[in-house]
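Undergrad: The lines below spell out each chain.
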Amino acid sequence: MITVENLNKYFGDHHVLKEINVQIQEREVVCVIGPSGSGKSTFLRCLNLLERVSSGRIVVNGFDLTDPKTDINRVRTDVGMVFQQFELFPHKKVLDNITLAPIHVRKMEKAEAEKKALALLEKVGLEEKADAYPGELSGGQKQRVAIARALAMDPKLMLFDEPTSALDPEMVKEVLDVMKQLAGEGMTMVVVTHEMGFAREAGDRVLFMDDGKILEEGTPEQIFEQPRHERLKSFLSKVL
Amino acid sequence: MDQLLNELDWSVIVQYKDLFIRGVVTTIELTVVAICIGLLIGLILGFMQISGKKWLVIPAKLYVDLFRGTPLFLQILTIHFAVLPTLFEDILGLETPDAMVSAFVALSMNAGAYISEIFRGGILSIEKGQMEAARSLGMTYAQAMRLVILPQAVKRMLPPLGNEFIALLKDTSLVTVIAVNDITYAAFVTAKNTFVRWSPYIAAGVMYLVLTLILSRIVFHLEKRFNTSSKKG
Chain A
1 MITVENLNKY FGDHHVLKEI NVQIQEREVV CVIGPSGSGK STFLRCLNLL
51 ERVSSGRIVV NGFDLTDPKT DINRVRTDVG MVFQQFELFP HKKVLDNITL
101 APIHVRKMEK AEAEKKALAL LEKVGLEEKA DAYPGELSGG QKQRVAIARA
151 LAMDPKLMLF DEPTSALDPE MVKEVLDVMK QLAGEGMTMV VVTHEMGFAR
201 EAGDRVLFMD DGKILEEGTP EQIFEQPRHE RLKSFLSKVL
Chain B
1 MDQLLNELDW SVIVQYKDLF IRGVVTTIEL TVVAICIGLL IGLILGFMQI
51 SGKKWLVIPA KLYVDLFRGT PLFLQILTIH FAVLPTLFED ILGLETPDAM
101 VSAFVALSMN AGAYISEIFR GGILSIEKGQ MEAARSLGMT YAQAMRLVIL
151 PQAVKRMLPP LGNEFIALLK DTSLVTVIAV NDITYAAFVT AKNTFVRWSP
201 YIAAGVMYLV LTLILSRIVF HLEKRFNTSS KKG
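Heads up: the sequence lines are chains A and B, in that order.
Under my numbering, the residue at position 240 of the first sequence is numbered 240, and the numbers go up by one with no gaps.
Under my numbering, the residue at position 149 of the second sequence is numbered 149, and the numbers go up by one with no gaps.
The hints are simulated quantities; they were obtained by calculation from the structure and are not laboratory data.
On a predicted model such as this, the values are computed, not experimentally measured, just so you know.
Check each hint, because a few of them may be wrong.
[What the hints assert, rightly or not] Cross-link-like lysine-lysine pairs, in silico, PhoX-like; alpha carbons within 25 Å at most:
#1 K17(B) with K53(B)
#2 K170(B) with K92(A)
#3 K17(B) with K170(B)
#4 K93(A) with K69(A)
#5 K93(A) with K107(A)
#6 K69(A) with K224(B)
#7 K69(A) with K92(A)
#8 K17(B) with K92(A)
#9 K69(A) with K54(B)
#10 K173(A) with K238(A)
#11 K155(B) with K92(A)
#12 K93(A) with K155(B)
#13 K129(A) with K92(A)
#14 K93(A) with K224(B)
#15 K128(B) with K93(A)
#16 K213(A) with K233(A)
Produce the complete structure using the sequences and hints provided.
TA: Take a look at the structure:
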């Protein structure tokens, strides 16, 4: 589903991603962990071209993102993204946040889009907030709406960029529960996270990034029980 | 005292009422047209400036610098006595249009420069993540602008736009210098012909005051409407 070959990314002179090679299969849940500034988020943002790639090749759902002829908007309709800061549209009600892209991008009928949005809100446990504005929601609620918004496009793949990092501790669980449910339903997910519990429980595979490289990868058991690299051992000793 | 009373002779306003009525109509026309065309010019220049493409950014910046960096009074004179006569007579071989056209052109172009800065600031004030969220849902740049960025930016643009519109309304008085019959021109002519010093200018001032108050009420209501249609977030 995703193939990344020799991906490099520079911000000016700063080499942020160094020769990344990854394959991600359908229905796989891949968690990306690592210290701040290791390039995790940049890597994730390359997967739907929110960051321009300096060199290398990325193929998502059969589309070569690095080919300038690829219609990136078309690719993105199949790739949902959830942001650390939620990024709900503050001028739109919750329901309209969710129906906006289906109506304008997928050209779905309004009534159908709303029906679907309500079903998704029910799925994330927020059907009673359909008419609220984002400003009236808690952080955890906002993030669940953001997940529903991404799901409304029927993505084949979901990208999560530190989805719980901006939340108060007591709201982390409600968001992780929704993500676990999604993972259980077989959604392909790439999750940049500091939640080691989630990575261990819901992840099929864990990538450890440091200094722009994937230093180690394996099953959650391998990564958390038998880490090989010293860098990973010291990272885990600080976060677990 | 007698002289002062003589200078406060309001009958001259009645006597010259046609001039004043035409003045009010002209001032409103100039303001409305300059706002509309200024918004259009401002929108185009604003997008040119945030496009990030040098061949669009540089001309837009030069335009803004030129019109903000020179006096509007001078711009009106230049456009009326140099630019338009050269363009129409020397280049196109036509008759020079009347002073009203010069006034429209000068005021609109000047307003466009100021309004483009307001657009630019409003759009740039919206967090980068909003554009990314919209694009990540598959929207094109234009869709993201229209559906997500601009509705939020307009709310932030309204207060400075209101200031600009009021400033513009008052600045229309400068066209008196090219003999366009606006409110100020009416006052000037009345005072000159009747030798009544105070009344014409006071009457003109009151007229401007009423117009600016009406305009600021309109802007206030627009702001209120945008605020209720999108609560805090």
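Undergrad: Under the constraints set out in the numbered hints, which ones does this structure not fulfil?
TA: 1, 2, 4, 6, 7 and 8
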